[in-house]
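J.: Spelled out, the chains give:
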Amino acid sequence: MTSNNGSTNETVDILVIGAGASGGAASAWLSEAGFKVKCLEQGYWQDPSKYASASADYEFEMMTNWAPDPNVRQRDEDYPVNDSASPVTPVMFNGVGGSTILWTAHTPRFHPSDFRVKSLDGVADDWPISYEELEEFYDLNDEVMGCSGINGDPANPPRSPRQMPPLPLGKDGKKLISGFEKLGWHWWPSDSYVNSQRYGEGRDACNFCGHNHMGCYQRAKSSTDLTYWPRALRNGAVIETGARVHRITTDDSGRATGADYIDSKGNEQHQSARAVIMAANGIGTPRLLLNSTNDAHPDGLANSSGLVGKNLMFHPFAMIAGTFPQKMKTWQGPLGNIAMSQEFYETDKNRGFVRGYTFQFQRSLGPAWIAKGGFRKPIPWGEGHHELLEKRLGSTMGMAVIGEDLPELHNTVDLDPELTDSDGIPAPRITYTLSKNSRDQLDHAIENAKKALEAAGASDIYVDPMMRQSGWHLMGTARMGNDPAGSVVDKWGQSHDVDNLFIVDGSVFVTGAAVNPTPTIQALALRTADYIVANRQDLKG
Amino acid sequence: MTTYTHIDQTLLNSILDRLLPAIDELASAGQMNLSDEIVRLAAQQARFNALFTAAMNSFSERHPSFDSLDSEQQDDAIRSFEANNAELFDVLLSISYIVYYKDSRVHERIGWSGKSPQPDGNEMEPWDESVLENMRKREPFWRRTDV
Chain Z
1 MTSNNGSTNE
11 TVDILVIGAG
21 ASGGAASAWL
31 SEAGFKVKCL
41 EQGYWQDPSK
51 YASASADYEF
61 EMMTNWAPDP
71 NVRQRDEDYP
81 VNDSASPVTP
91 VMFNGVGGST
101 ILWTAHTPRF
111 HPSDFRVKSL
121 DGVADDWPIS
131 YEELEEFYDL
141 NDEVMGCSGI
151 NGDPANPPRS
161 PRQMPPLPLG
171 KDGKKLISGF
181 EKLGWHWWPS
191 DSYVNSQRYG
201 EGRDACNFCG
211 HNHMGCYQRA
221 KSSTDLTYWP
231 RALRNGAVIE
241 TGARVHRITT
251 DDSGRATGAD
261 YIDSKGNEQH
271 QSARAVIMAA
281 NGIGTPRLLL
291 NSTNDAHPDG
301 LANSSGLVGK
311 NLMFHPFAMI
321 AGTFPQKMKT
331 WQGPLGNIAM
341 SQEFYETDKN
351 RGFVRGYTFQ
361 FQRSLGPAWI
371 AKGGFRKPIP
381 WGEGHHELLE
391 KRLGSTMGMA
401 VIGEDLPELH
411 NTVDLDPELT
421 DSDGIPAPRI
431 TYTLSKNSRD
441 QLDHAIENAK
451 KALEAAGASD
461 IYVDPMMRQS
471 GWHLMGTARM
481 GNDPAGSVVD
491 KWGQSHDVDN
501 LFIVDGSVFV
511 TGAAVNPTPT
521 IQALALRTAD
531 YIVANRQDLK
541 G
Chain A
1001 MTTYTHIDQT
1011 LLNSILDRLL
1021 PAIDELASAG
1031 QMNLSDEIVR
1041 LAAQQARFNA
1051 LFTAAMNSFS
1061 ERHPSFDSLD
1071 SEQQDDAIRS
1081 FEANNAELFD
1091 VLLSISYIVY
1101 YKDSRVHERI
1111 GWSGKSPQPD
1121 GNEMEPWDES
1131 VLENMRKREP
1141 FWRRTDV
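Chains Z and A supply the protein sequences, listed in that same order. Mapping to our numbering: the first sequence position 23 is 23, numbers consecutive. Take any residue in the second sequence, count from 1 to its spot, add 1000: that is its number in our numbering.
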């Protein structure tokens, strides 16, 4: 993949920090409207034909060079994260496409109630926008990314026709679903940004290799390097890779003027811009804002509320897996794109907690993955190993529980006083504890998952009450709101403090809902871009 | 304290024999001499290689006479290492499992194709909408916010 030459530092209209899910969406839409856009990305373009899924050593690559945890992957472009004070390890990918390179592309939407948790349930805060206000941008994003799915889900509002039919359920998926059918519980084929047929530019249908979480060799899984970025580049947007931003710069009046960064050759650079859009994820964005202190912003940029880095939300994940008596080739088909159940999504106070959770159905992979545990502890070594391996291989399935995590001030991202990246830039430090409400949700979900697995005929059931390496969903650390004292950005993603600074990643979430967040992140990014096009022509040079 | 600058592959094969014993006609992992491939693969990432080397060094230091122990004593030694060095043991076990299950002799025994996931992928039956018959009958139950 080629990109435009990003070596010049002429003033641009819009400087985007981060080329992932949201940065790609915002860049494409703003460049389409004639804004001069440049993106600084600390990682690089990926070549899908070199993804590890075509390597004989893919199992090793999955736990080393392609691991989702940057502390394990340790590529030059990664930054370390101090997660010693968190039971959840943040995971991400740095490169063009960001974490959409390694995601499973399971893409449900928020429910209308997710935007009204204060009004409905008396917890946290309502969002300053509604589902209905975001809906057209969800639709737009589905069209660009390409959604396989089917309308009619009774757990969700009606939505526009999906671009492609659902991915096949497989014998294994149907088996797991049989448990939900017996119990009379909701299930529905997952909306997935994985092609069930050819869709988009040069993107094939999924060939069910089972490893799209390692990067999709087929280009069947949607990632923004394949969708938004080609569009943005054609519009004249520029992306500079290997560009590690360490500070958003401001002028005497406190307005953003661009960013200081270290280029791929190790040289200090400055990129000036009329506006800056932060799209560096729920950890990277507060890290940069907190590192952008000066006399006018002694506590970090856009932080007069003191909320930059506060209210960190993950989705606490539990995993419940079982073994079926049938051999079902459970390694065939995308790992986590079968179906979901939202039977327990909406609040029922009789359950002893507020809000709810989604079950995301999960396949399993090949023999080494099964032996190493997969969703569970490794199969014991020694006598008995072979028998258990043969029992579980091809017959292990599970359910991930995605619970709604509510914002809490004590869950934070701040700058580590000692740890730095390879350029000496302070690394983020995560402090996080699981709330009682979240724990109660997970416990409720675990009991129900066991019932569903048993109803489907599974035995040998294993529970991981909270997966450590599950921090994909990084949310809440620069929340939106109408009140400048209680939020970092307004309902358009514009900083209350700095009128030419916008945030479009998961940082702006007020609450986290109980679904994978990327479609919502991208819809919000498109909405912010749309606002800039309509209302901020002053940012055009 | 002994500091190894290389992996003691004799020791590694002895450990492998206990981790993945012989089954049916298939020899144990050590007898299959998987240590060469383990050492090669571990070296593909610096972080992993450092942990793997540390695991082997630590094991050797704790159990310098491992090869002279009988099978039961060897299992006890491994269990002791596993209990006291969980992170390092996990590294050792992971690379052992990965290399064992990429071996064609093992594939033949368990009936695994051994192909990398790509480029061939897999076949699946096409989507069949009839599975939604029951769910289609259910009334919408998402929570409305406009009432």
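Because the hints were derived from the structure by calculation, they are not lab data. Just so it is clear, CB atoms sit at the ideal spot from N, CA and C, and this is done for glycine as well. Accuracy of the hints is not assured; some may be wrong.
To be verified - Beyond 12 Å from chain Z on every Cβ pair, some chain A residues (computed):
hint, residue
1, A1054
2, F1066
3, S1071
4, K1102
5, N1122
Stated by the list, open to error - Here are the simulated lysine to aspartate or glutamate pairs, DMTMM-like style, with alpha carbons at most 20 Å apart:
hint, chain 1, residue 1, chain 2, residue 2
6, Z, K540, Z, D57
7, Z, K436, Z, E408
8, Z, K175, A, D1090
9, A, K1137, Z, E343
10, Z, K182, A, E1133
11, Z, K391, A, D1024
12, Z, K349, Z, E447
13, Z, K175, A, D1017
14, Z, K377, A, E1082
15, Z, K171, A, E1133
16, Z, K327, Z, E408
17, Z, K175, Z, D13
18, Z, K174, A, D1024
19, Z, K174, A, E1082
20, Z, K327, Z, E343
21, Z, K491, Z, E454
22, Z, K391, Z, E454
23, Z, K377, Z, D440
24, Z, K118, Z, E136
25, A, K1137, Z, E181
26, Z, K377, A, D1090
27, Z, K329, Z, E343
28, Z, K391, A, D1067
29, Z, K329, A, D1090
30, Z, K174, A, D1017
31, Z, K436, Z, D530
32, Z, K329, A, D1017
33, Z, K327, A, E1108
34, Z, K175, A, E1129
35, A, K1115, Z, D57
36, Z, K329, Z, E408
As the list claims (entries may be wrong) - To list a few chain A residues with every Cβ distance to chain Z over 10 Å, as calculated:
hint, residue
37, H1006
38, Q1009
39, A1046
40, R1062
J.: Does each hint hold? Answer for all of them.
T.: Results of checking the hints against the structure:
1. A1054: holds, 15 Å
2. F1066: Non-interface label stands for A/F1066: nearest chain Z Cβ at 15 Å, farther than 12 Å.
3. S1071: violated, 10 Å
4. K1102: Label violated. Min Cβ-Cβ 7 Å, cutoff 12 Å.
5. N1122: Contrary to the label, A/N1122 does not stay out of reach of chain Z, its closest Cβ about 4 Å off (not over 12 Å).
6. Z/K540 - Z/D57: violated, 49 Å
7. Z/K436 - Z/E408: Holds, because 12 Å separates the two Cα atoms, which is no more than 20 Å.
8. Z/K175 - A/D1090: violated, 32 Å
9. A/K1137 - Z/E343: holds, 15 Å
10. Z/K182 - A/E1133: The given pair, whose Cα atoms are some 14 Å apart, holds under the 20 Å limit.
11. Z/K391 - A/D1024: Holds, at about 16 Å.
12. Z/K349 - Z/E447: holds, 17 Å
13. Z/K175 - A/D1017: violated, 37 Å
14. Z/K377 - A/E1082: Given pair Z/K377, A/E1082 holds - Cα atoms ~13 Å apart, limit 20 Å.
15. Z/K171 - A/E1133: This hinted pair holds, its Cα atoms lying about 17 Å apart.
16. Z/K327 - Z/E408: violated, 44 Å
17. Z/K175 - Z/D13: Between Z/K175 and Z/D13 the Cα gap is close to 53 Å, so the pair fails against 20 Å, i.e. violated.
18. Z/K174 - A/D1024: violated, 34 Å
19. Z/K174 - A/E1082: violated, 39 Å
20. Z/K327 - Z/E343: violated, 28 Å
21. Z/K491 - Z/E454: The given pair, whose Cα atoms are some 45 Å apart, is violated under the 20 Å limit.
22. Z/K391 - Z/E454: holds, 17 Å
23. Z/K377 - Z/D440: violated, 23 Å
24. Z/K118 - Z/E136: violated, 24 Å
25. A/K1137 - Z/E181: Answer holds: A/K1137 to Z/E181 is near 12 Å, not above 20 Å.
26. Z/K377 - A/D1090: holds, 10 Å
27. Z/K329 - Z/E343: Roughly 27 Å separates the two Cα atoms, so the pair is violated.
28. Z/K391 - A/D1067: Between Z/K391 and A/D1067 the Cα gap is close to 32 Å, so the pair fails against 20 Å, i.e. violated.
29. Z/K329 - A/D1090: violated, 27 Å
30. Z/K174 - A/D1017: Roughly 40 Å between the alpha carbons, so the hint for Z/K174 and A/D1017 is violated.
31. Z/K436 - Z/D530: Between Z/K436 and Z/D530 the Cα gap is close to 39 Å, so the pair fails against 20 Å, i.e. violated.
32. Z/K329 - A/D1017: violated, 29 Å
33. Z/K327 - A/E1108: Holds: Z/K327 and A/E1108 sit about 17 Å apart, inside 20 Å.
34. Z/K175 - A/E1129: Holds, because 15 Å separates the two Cα atoms, which is no more than 20 Å.
35. A/K1115 - Z/D57: holds, 10 Å
36. Z/K329 - Z/E408: Violated, because 42 Å separates the two Cα atoms, which is more than 20 Å.
37. H1006: Given that every Cβ of chain Z is farther than 10 Å from that of A/H1006, nearest at about 20 Å, it holds.
38. Q1009: holds, 18 Å
39. A1046: violated, 8 Å
40. R1062: holds, 17 Å
Against the hints set out earlier in the document, violations occur for numbers 3, 4, 5, 6, 8, 13, 16, 17, 18, 19, 20, 21, 23, 24, 27, 28, 29, 30, 31, 32, 36 and 39.
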